[in-house]
Amino acid sequence: MITIYHWEPNANSGKPMLAAAEKGVEYESAYLDMLSFDHHQPEYLKVNPNGTIPALVHGDIVLTESTPMMEYIDEAFDGPSLVPVNPADRWRMRQWMRFVDGYMGPSLSMLGWSIGVGPIVRQRDPKELEAAIERIPLESRRRSWRKAIYNLFSEEELAESGRRLSSSLTLMEDVLSKREYLACDTYSLADIDAFNSCYAMPLFQADLCNQGKTPSVIRWLDAIRERPAVKETWAKSREDFGKRFEELNSALAHN
Amino acid sequence: MLELFHGEPNAISLKPLIALEEKGSTYRSRLISSQPLERSLPGFPPSPDQAINLENDGPVLVDGDETITSSFFMLEYIAETVAGPALLPRDANGRYQARSWGQYVALVLSPFVTALGLSRYPIAAAKGDDFSDIERLERRRSWLAAGTSLPDETKAEHTEKLRIAIARLEQGLASGSGYFAGDGFSIADIDIFAMVRNLEDLVPGVLGNAPNLKAFIERVAARPSVARALAKGTGANPNECFLPGPEPARWG
Chain A
1 MITIYHWEPN
11 ANSGKPMLAA
21 AEKGVEYESA
31 YLDMLSFDHH
41 QPEYLKVNPN
51 GTIPALVHGD
61 IVLTESTPMM
71 EYIDEAFDGP
81 SLVPVNPADR
91 WRMRQWMRFV
101 DGYMGPSLSM
111 LGWSIGVGPI
121 VRQRDPKELE
131 AAIERIPLES
141 RRRSWRKAIY
151 NLFSEEELAE
161 SGRRLSSSLT
171 LMEDVLSKRE
181 YLACDTYSLA
191 DIDAFNSCYA
201 MPLFQADLCN
211 QGKTPSVIRW
221 LDAIRERPAV
231 KETWAKSRED
241 FGKRFEELNS
251 ALAHN
Chain B
1001 MLELFHGEPN
1011 AISLKPLIAL
1021 EEKGSTYRSR
1031 LISSQPLERS
1041 LPGFPPSPDQ
1051 AINLENDGPV
1061 LVDGDETITS
1071 SFFMLEYIAE
1081 TVAGPALLPR
1091 DANGRYQARS
1101 WGQYVALVLS
1111 PFVTALGLSR
1121 YPIAAAKGDD
1131 FSDIERLERR
1141 RSWLAAGTSL
1151 PDETKAEHTE
1161 KLRIAIARLE
1171 QGLASGSGYF
1181 AGDGFSIADI
1191 DIFAMVRNLE
1201 DLVPGVLGNA
1211 PNLKAFIERV
1221 AARPSVARAL
1231 AKGTGANPNE
1241 CFLPGPEPAR
1251 WG
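As they're listed, the protein sequences go chains A and B. Take the first sequence: its letters are residues 1 to 255, numbered as in my numbering. Take the second sequence: its letters are residues 1001 to 1252, numbered as in my numbering.
A couple of the hints might just be wrong.
Computed Cβ-Cβ distance ranges for the label pairs, DEER-style [said to hold, decoys possible]:
#: 1; chain 1: A; residue 1: 159; chain 2: B; residue 2: 1228; range: 43 to 49 Å
#: 2; chain 1: B; residue 1: 1168; chain 2: A; residue 2: 232; range: 32 to 38 Å
#: 3; chain 1: A; residue 1: 232; chain 2: B; residue 2: 1033; range: 50 to 56 Å
#: 4; chain 1: A; residue 1: 163; chain 2: B; residue 2: 1125; range: 24 to 30 Å
#: 5; chain 1: A; residue 1: 155; chain 2: B; residue 2: 1157; range: 19 to 25 Å
Note that these hints are calculated values from the structure, not bench results. Predicted model, so just to flag it, every value in this text is computed and none were measured. Ideal Cβ placement from N, Cα and C applies to all residues, glycine included.
Chain A with its partners taken away, still in its complex shape (with noise of 0.2 Å):
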């Protein structure tokens, strides 16, 4: 049996759920309210000395990085692979994952924090919420905190992500409307790491990503929301990231 330590099923916590979930891998669910840093906890810095979550025990194996840990999950297990068989694909899912982690995705959640997250934080006690600061572990990880808690994005920063977001849009629009899915005709580990980035665009950035100017992105996020996996993982959420979740259901089902 595996524990995975995660907070919401969206971003990073939900890849390691929703590869599990695909494989039929049983998993302990951990959840920490990553809103009131439980992630930066004693308890939990045993488990994960850098407090990132999510974080994945297998026997004495603990793993922290989500992505390689998606590619873990899928080697260690029985189940249907999520990693193409076709080296060429593999190699388009990891491009694509990258891609995500380290140019879309940031500045998606840059956006987030920025319109929703930061405000709903902003309201604990504030000399609680620098307490909360003061103990996560690693500095660039408090550098980034402390930026996105008190919203110390500049407006070149915020107009810099949304054209970010714009141009990922139009290549991920482009490349869906080709093939099935990210990486190749079948459903993949980039699909994963790419949906938890951005399953909620239609709703927060609609205005980028809609049926007019992205039908290919609609039509995969669509797809995606209806496997069972993702619908079991989401029914996990304990925040009004479930009611989004369902939110977007239901505008498909009006569609």
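Using the hints provided, position chain B relative to the given structure of chain A.
Then chain B, alone, in the frame of chain A:
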């Protein structure tokens, strides 16, 4: 036959050369000059799959109809498709370690190594060029910066981050076999070696607190594949040749 387009054998360009030499593979080495890929390779990138490469001007491997970019994923591709000695760890955990290092090198280490490299050895031909033919804005920006040295303040920031990365690499070698992933030489070692082999030249003394990493560099440098890979240049000193690499993370 595999065709590898690469810059002078240093940093990101050096990686696939070492891997192909380790494999004992026959391949065509095609040296490209210090200018944006689009100018050396007409029609590049052939599709969005190559356009999304975050490395800017890394090597390009052509295998029949397929065009492979991104140096670590290229190493995985070579390890998976080319006959010869295994370059992937045998077990899933070892491969996880290799991929985690690959991610760390690409997103954290490489931006600072390539920027400091270019700062020490700017590309003379890049000065005065407006690169208006380069479509992707990030790429145009990285080439516009390639002709000049970094301001002192930026250099100091990059150096500090490089020191943190080196401490992490040193820690990665502390417990084990002398290799970064699994119990033998792998693509993780090639990936890291190519980026750190000459850091003392860029930042004197930077490996002072990293005895394990220093020993690792010496050990890998002694492999015959490395000498053969380093000979795939024009004869210019490859240690002085850098190309724009990935950009530093925008959040941290």
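Hints, one by one, checked against the model:
1. A:159 <-> B:1228: 43 to 49 Å: holds, 48 Å
2. B:1168 <-> A:232: 32 to 38 Å: holds, 36 Å
3. A:232 <-> B:1033: 50 to 56 Å: holds, 53 Å
4. A:163 <-> B:1125: 24 to 30 Å: holds, 28 Å
5. A:155 <-> B:1157: 19 to 25 Å: holds, 22 Å
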